[in-house]
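Colleague: Sequence:
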Amino acid sequence: MFGKSYWAERALLSFMNPFSSAQPADEGFDDLSEFVPEHLPDPGSFLEAHDVLTDDEHVAFHELTRELFEERGVYDATFGYNLAKLNLDVRHPEAGFRYAVDADDPTVLRAEFTPTTEFCPQAEALVTGSFRAWNGLGDRHEYDLVRVRVHPSHHQADPLNESLEALEAEFRETGEVPDPEASGNEDADEQQRTSPF
Numbered sequence: 001m002f003g004k005s006y007w008a009e010r011a012l013l014s015f016m017n018p019f020s021s022a023q024p025a026d027e028g029f030d031d032l033s034e035f036v037p038e039h040l041p042d043p044g045s046f047l048e049a050h051d052v053l054t055d056d057e058h059v060a061f062h063e064l065t066r067e068l069f070e071e072r073g074v075y076d077a078t079f080g081y082n083l084a085k086l087n088l089d090v091r092h093p094e095a096g097f098r099y100a101v102d103a104d105d106p107t108v109l110r111a112e113f114t115p116t117t118e119f120c121p122q123a124e125a126l127v128t129g130s131f132r133a134w135n136g137l138g139d140r141h142e143y144d145l146v147r148v149r150v151h152p153s154h155h156q157a158d159p160l161n162e163s164l165e166a167l168e169a170e171f172r173e174t175g176e177v178p179d180p181e182a183s184g185n186e187d188a189d190e191q192q193r194t195s196p197f
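For what it's worth, the UniProt record's numbering labels the leading residue of the sequence shown as 1, then goes sequentially.
Worth flagging that the hints you see were computed from the coordinates, not collected in a lab.
It cannot be assumed that every hint is accurate.
As the list claims (entries may be wrong) - Label pairs and their computed distance ranges (CB to CB):
| no. | residue 1 | residue 2 | range |
| --- | --- | --- | --- |
| 1 | Ser33 | Gly175 | 29 to 35 Å |
| 2 | Thr78 | Thr107 | 29 to 35 Å |
| 3 | Glu176 | Pro93 | 33 to 39 Å |
| 4 | Gly28 | Thr117 | 16 to 22 Å |
| 5 | Asp144 | Glu63 | 19 to 25 Å |
| 6 | Asp31 | Glu170 | 19 to 25 Å |
| 7 | Gly73 | Val36 | 24 to 30 Å |
| 8 | Glu94 | Pro121 | 15 to 21 Å |
Glycine included, every Cβ here is placed at the ideal spot set by N, Cα and C.
Using the sequences and the hints given, assemble the complete structure.
Modeller: See the structure below:
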């Protein structure tokens with residue numbers, strides 16, 4: 001009616017979508033293939049006395065993590081990128097994941113998430129989504145279980161970690177990642193269905 005539509009003339013560039021994996025190369029990020037300990041959080045209490053992954057072992061598992069998070073949509077809505085990219089973001093050297101092989105059971109990997117702030121409002125969705133991605137796609141890695149915890153620096157670390165323990169216990173008992181629709185928590189279930197995490 002008023003001429004050609006703008007959208008018919010111009011395709012929306014993929015980098016304009018914050019949840020697209022086809023974003024341009026970013027400055028300020030380490031390469032996924034590099035282990036840069038000064039840009040990673042220090043291992044916290046959940047990883048103490050366990051075999052913390054470093055160098056090529058850390059890189060290999062984190063590369064796989066990026067793939068699994070991409071497949072399952074585990075994204076940080078604040079930054080608009082796959083949560084695995086947080087480990088590479090030099091602006092947040094004390095945030096991201098660290099991993100350790102359990103000292104008592106080498107078929108178990110421990111993953112500890114340190115959010116960017118102690119009041120991170122996405123922490124629950126991010127760690128729950130991470131647990132579901134790693135254990136729901138467990139045939140893609142060598143571990144029978146990936147245990148996930150939030151670093152104690154988060155103000156709700158205790159209740160979040162209790163929730164993760166309950167997910168883990170159900171997974172151990174059934175061999176299946178618990179269905180969020182069967183949890184009995186309708187509000188949390190709705191968030192899981194409508195959130196990219």
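Colleague: Taking the hints in turn, state whether each one holds.
Modeller: Tested hints:
no. : hint                       : result
1   : Ser33 / Gly175: 29 to 35 Å : 33 Å, holds
2   : Thr78 / Thr107: 29 to 35 Å : 34 Å, holds
3   : Glu176 / Pro93: 33 to 39 Å : 37 Å, holds
4   : Gly28 / Thr117: 16 to 22 Å : 18 Å, holds
5   : Asp144 / Glu63: 19 to 25 Å : 20 Å, holds
6   : Asp31 / Glu170: 19 to 25 Å : 37 Å, violated
7   : Gly73 / Val36: 24 to 30 Å  : 26 Å, holds
8   : Glu94 / Pro121: 15 to 21 Å : 18 Å, holds
When held up to the earlier numbered hints, the structure conflicts with hint 6 and nothing else.
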